[in-house]
Amino acid sequence: MTRRGLVATSSLLVLVATLWVCARGVGPIPPVGPLLDPLNGAWSAVRHAELPRAASAVIPGLGGVVDVRYDRRGVPHIFAADEIDAIRALGYVVARDRLFQLEAQTHAAAGRLTEWAGQRALELDRQTRHLGLPRAAERLAASLDSSSVGARLIRAYAEGVNAWIDQLKPGDWPVEYRLLNQRPERWQPVNSLYLLGRMSWTLTYNPEERQRLEVQARIGRAAMEALFPVNTPIQEPIQPNGSNGPRFDFGTLPPPGPPDSTAALVAAHYPWAAVDDHPELRHFASNNWAVAPQRTRERHALLAGDPHLELTLPSIWYEAHVVVPGKLDVYGVTIPGVPGIVIGFTRDLAWSFTNTGADVLDFYWETLDDAKEPSSYSVDGVWRPLERRIETYRGPGGEALAVDTVRYTHRGPVERWNGRAVSMRWTALEQQDEASAFLAAAGSKTAREFLDQMAAHFMVPAQNIVVADRHGTIAIRSTGHFPFRPDSLGGLVVRDGSRSAADWTGFWPVQQYPQSFDPAQGFLASANQEPIDPRVNGTYLGFDRGYDPWRALQINRLLRADSSMTVDKMRAFQTDPGSVRADLFVPPLLAAVARHRAGVARTASLDSAGALLASWDRRYTRQQDAALLFELTLRTMSRLTWDELADSTGRPVASPTLAVLLDLVSDSSSPWWDVRRTSGVVERRDDIIVRALAQSWDSLQARYGPRAEGRWQWRERGTASINHLLQLPGFSERGISVQGGPGTLNPSTSGFGSSWRMVVALDSTVHAFGTYPGGQSGNPASSRYIDRLPLWRDGLLDTLFAPATPSDLPAISTRATLTLHPASVR
Amino acid sequence: MRALSILAIMAVAALTALGTALGGWWAVPIVGLVAGGVLGYRRRPGVHAALGGAVAWGGILVAYVVLGFPLPGFAARLAGAMQVGVGALLAATVLVPAILAGSAAALAGQLRRTDDAGA
Numbered sequence: 001m002t003r004r005g006l007v008a009t010s011s012l013l014v015l016v017a018t019l020w021v022c023a024r025g026v027g028p029i030p031p032v033g034p035l036l037d038p039l040n041g042a043w044s045a046v047r048h049a050e051l052p053r054a055a056s057a058v059i060p061g062l063g064g065v066v067d068v069r070y071d072r073r074g075v076p077h078i079f080a081a082d083e084i085d086a087i088r089a090l091g092y093v094v095a096r097d098r099l100f101q102l103e104a105q106t107h108a109a110a111g112r113l114t115e116w117a118g119q120r121a122l123e124l125d126r127q128t129r130h131l132g133l134p135r136a137a138e139r140l141a142a143s144l145d146s147s148s149v150g151a152r153l154i155r156a157y158a159e160g161v162n163a164w165i166d167q168l169k170p171g172d173w174p175v176e177y178r179l180l181n182q183r184p185e186r187w188q189p190v191n192s193l194y195l196l197g198r199m200s201w202t203l204t205y206n207p208e209e210r211q212r213l214e215v216q217a218r219i220g221r222a223a224m225e226a227l228f229p230v231n232t233p234i235q236e237p238i239q240p241n242g243s244n245g246p247r248f249d250f251g252t253l254p255p256p257g258p259p260d261s262t263a264a265l266v267a268a269h270y271p272w273a274a275v276d277d278h279p280e281l282r283h284f285a286s287n288n289w290a291v292a293p294q295r296t297r298e299r300h301a302l303l304a305g306d307p308h309l310e311l312t313l314p315s316i317w318y319e320a321h322v323v324v325p326g327k328l329d330v331y332g333v334t335i336p337g338v339p340g341i342v343i344g345f346t347r348d349l350a351w352s353f354t355n356t357g358a359d360v361l362d363f364y365w366e367t368l369d370d371a372k373e374p375s376s377y378s379v380d381g382v383w384r385p386l387e388r389r390i391e392t393y394r395g396p397g398g399e400a401l402a403v404d405t406v407r408y409t410h411r412g413p414v415e416r417w418n419g420r421a422v423s424m425r426w427t428a429l430e431q432q433d434e435a436s437a438f439l440a441a442a443g444s445k446t447a448r449e450f451l452d453q454m455a456a457h458f459m460v461p462a463q464n465i466v467v468a469d470r471h472g473t474i475a476i477r478s479t480g481h482f483p484f485r486p487d488s489l490g491g492l493v494v495r496d497g498s499r500s501a502a503d504w505t506g507f508w509p510v511q512q513y514p515q516s517f518d519p520a521q522g523f524l525a526s527a528n529q530e531p532i533d534p535r536v537n538g539t540y541l542g543f544d545r546g547y548d549p550w551r552a553l554q555i556n557r558l559l560r561a562d563s564s565m566t567v568d569k570m571r572a573f574q575t576d577p578g579s580v581r582a583d584l585f586v587p588p589l590l591a592a593v594a595r596h597r598a599g600v601a602r603t604a605s606l607d608s609a610g611a612l613l614a615s616w617d618r619r620y621t622r623q624q625d626a627a628l629l630f631e632l633t634l635r636t637m638s639r640l641t642w643d644e645l646a647d648s649t650g651r652p653v654a655s656p657t658l659a660v661l662l663d664l665v666s667d668s669s670s671p672w673w674d675v676r677r678t679s680g681v682v683e684r685r686d687d688i689i690v691r692a693l694a695q696s697w698d699s700l701q702a703r704y705g706p707r708a709e710g711r712w713q714w715r716e717r718g719t720a721s722i723n724h725l726l727q728l729p730g731f732s733e734r735g736i737s738v739q740g741g742p743g744t745l746n747p748s749t750s751g752f753g754s755s756w757r758m759v760v761a762l763d764s765t766v767h768a769f770g771t772y773p774g775g776q777s778g779n780p781a782s783s784r785y786i787d788r789l790p791l792w793r794d795g796l797l798d799t800l801f802a803p804a805t806p807s808d809l810p811a812i813s814t815r816a817t818l819t820l821h822p823a824s825v826r
Numbered sequence: 001m002r003a004l005s006i007l008a009i010m011a012v013a014a015l016t017a018l019g020t021a022l023g024g025w026w027a028v029p030i031v032g033l034v035a036g037g038v039l040g041y042r043r044r045p046g047v048h049a050a051l052g053g054a055v056a057w058g059g060i061l062v063a064y065v066v067l068g069f070p071l072p073g074f075a076a077r078l079a080g081a082m083q084v085g086v087g088a089l090l091a092a093t094v095l096v097p098a099i100l101a102g103s104a105a106a107l108a109g110q111l112r113r114t115d116d117a118g119a
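Going down the list, the protein sequences come from chains A and B. If you read the first sequence in the working numbering, its first letter stands for residue 1, the second for the next number, and so on. If you read the second sequence in the working numbering, its first letter stands for residue 1, the second for the next number, and so on.
Keep in mind the hints are simulated off the structure, nothing from the lab. Keep in mind the model is a prediction, meaning the values are calculated, not measured. Don't take every hint at face value.
[As the list claims (entries may be wrong)] Result set (SDA-like, lysine to any residue): computed pairs, CA atoms no more than 25 Å apart in a straight line: (1) K169(A) with P60(A); (2) K445(A) with V510(A); (3) K169(A) with L89(B); (4) K169(A) with G59(B); (5) K169(A) with W26(B); (6) K169(A) with M82(B); (7) K169(A) with I30(B); (8) K169(A) with V62(B); (9) K169(A) with G68(B); (10) K169(A) with G23(B); (11) K169(A) with A63(B); (12) K169(A) with L61(B).
Turn these sequences into a full structure, and let the hints guide you.
The following block contains the structure:
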């Protein structure tokens, strides 16, 4: 070959290879051409980092012109002539800032992640679809009366989102699409319903049945029921019970019983593994509270709320203000995809949510006509047809990765548990009207009206809704559909599905919901604790491990101690490092150390640990070293104490709550303290406590070096990580040192934490303050991507400005304007 | 001669930038092919086109910085997201058009010379 031919051939080869890499990518590398193209690819994100000073757009279906003003914090204030136009505009502005998030959340909620991630996401999608969530959303969308408010809202929202999508050029697409080699998809109204279903999954899918059976198999039923009680042994419920403080329903725990082989057999049928989902590691830690005028310095009601959820970038929340003169004026946060303001305030009232944690999910053994290809199931001796739904999982190229069939009884989806058919009834799969709930409630003038509107429309996920209004009323109500079971077995057993008598018999009437209006104590608080004192209403609502008493104790303690509450104190409470849990556990730990010192077997580690714990102010501040020791000691104590619950690998199948452990601490010689593997020795309480303390001290020394070196600091563990939705490190913020820890009001550790903090003063004019960990923009190039993070980290809040008219927002405070026109007017 | 080379490179760069704006990254090899055809009478048309491609995309990034767009901060984030170094990411952004345009121009240049020789 000539030199010329060689050059031509090698040039051709290089060109073809490069074109291939550019157009198709290689392995995990996406197509490099569209990715690196500086005008249309990832780099173009910098051009869209900031909002243009002025912009206009056309939204088909819009009834009139909508004026949108963005304030300095990037919050859109939407001024529209009617509510439906306002929601159209909301869809548009949310898509403008958070388009990728909208679609990513929808793909997850609809079980369509394989279309982006291929085989890797198959099991996750399968779980979503087998739970029946996409089907439920689609059935709901199909059943909505097209003229109903809910249907009009989700349609209008979709029109707004699509108006934004339709005018995008490839260079305008969010950077994530380039990294995934995808393009934006048009938004369907059902997407909003997928999303609401996803929230229900996050907040209410909490099956406990397997853990209880596994425990029962090891220690018998009586001991299981004592270690895993239905009701929380520390009672300070959401609905005040008249006690001026917590009530400790402690008693002597029965000893471990003989193994229950029947329970073991039944447990073996469950499909999911029994793993140590230690309740202290759970992350639902939302708080809300309200203070009546007589206990505030300025003599008007105050409200605070901080829902804790998974921390993501972009944030789950988007701040917005919607004004329809004479009808609606609501400011707060929306979830991208939800056509309304979820948490916020109006000119008359403010509200916030915490998760109720109610048990709204039950299982039923089903009798099918065929083991392999069933077509019907038996109820009361009559065969009923099973509904079949074919689920196809598609890959990035549209190819079918897998196909399977999910069958449904009248209760819900059928799963196979080691060959046995089980169906699931879950309120998340049933009729709901959340889409219109937020709009209906936001038009309320009083706290009671607000709660009644929510009760009429909001069914799942059940929420503890606290409200305060300008008249000085404070109120709280756990709102959602709570099923009545047909028997006294509660919701922690699998019922016989061959009998219709096993079905739910109805739902709690609103007047039975846990609730309180203007209580004599002058404040109301919820923090995922048990909503109602079982002595007031013993109807089964949920179980102890679904609740968390500690933060409620702390909030109530703080509120009870101060009859001159202010906005600033409430703000400080949201990151308060104090811990009732530590206050209750530390004294018995120290007493055990003191008793042990009187004996002979002292060690330097124990002496040091005892001294450190004694000097601790029991606050989880960043530099605190004793908090590290305390937390590790509790974990070690729990592990040593509940060794009866370990599986063959030595790991517990489930752990009782720390409230149960605290109960046990008052019993020095309970057989639970004995460690089974130390045959010939019978441990007692003090033995376990001092061993846990000494072991924890040694463990910290091994990890962080001698304490004197100063590396024992709570901030080593008390860090928050805020991951990008795709878990991309460069778009995430990790290792953020925060104040607070387990059992405190701000347990923002790992990837969960306070997702929106708000304090509202219900004066003659409403004053509000808030922030969240992230920023309004989903564009990582934007200054608005994480601009709120420093405030959030430091426990500070921004002033939230809610102009009543466009002219109330001064030009100097206006970051950008957007005018939305109807298709025919412009 | 040197001025002509610079002129050629700048012309290719301008055409590449324009082509990218109008047609995306596919414009780069096309401009390269055209440049190779036009510059085929010169020595190493591929080098001129490669430099032109690099200058085009690199120049757009520089323009972002000059215009005040937040490129440096975003480059760090994007590189972190892709788990590569910032330098590698920037280098790739410049090298990709260089290789595309250069190889296309070299190929076209050789083909033109073959045609010329045949004529």
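Hints, one by one, checked against the model:
For the proposed pair K169(A) and P60(A), the alpha carbon gap of about 19 Å is at most 25 Å, so the pair holds. Only pairs whose Cα atoms come within 25 Å are accepted, and K445(A) paired with V510(A) is accepted, the gap being roughly 20 Å. For the hint linking K169(A) to L89(B), the alpha-carbon distance of about 24 Å falls within 25 Å, and the restraint holds. Restraint check for K169(A) and G59(B): the C-alpha separation of about 22 Å stays at or below 25 Å, so the hint holds.
A threshold of 25 Å between alpha carbons decides the hint, and for K169(A) with W26(B) the separation of about 16 Å falls inside it, so the pair holds. Distance hint between K169(A) and M82(B) is fulfilled; the C-alpha atoms sit about 23 Å from each other, no more than 25 Å. Under the criterion of a C-alpha separation no larger than 25 Å, the hint pairing K169(A) with I30(B) is consistent with the structure, at around 22 Å. Distance check on the hinted pair: K169(A) and V62(B) sit about 23 Å apart at the alpha-carbon level, within 25 Å; holds.
Restraint check for K169(A) and G68(B): the C-alpha separation of about 22 Å stays at or below 25 Å, so the hint holds. The suggested pairing of K169(A) with G23(B) holds, with an alpha-carbon distance near 12 Å, which does not exceed 25 Å. For the hint linking K169(A) to A63(B), the alpha-carbon distance of about 21 Å falls within 25 Å, and the restraint holds. Only pairs whose Cα atoms come within 25 Å are accepted, and K169(A) paired with L61(B) is accepted, the gap being roughly 19 Å.
Violated hints for the displayed structure: none, as all numbered hints are satisfied.
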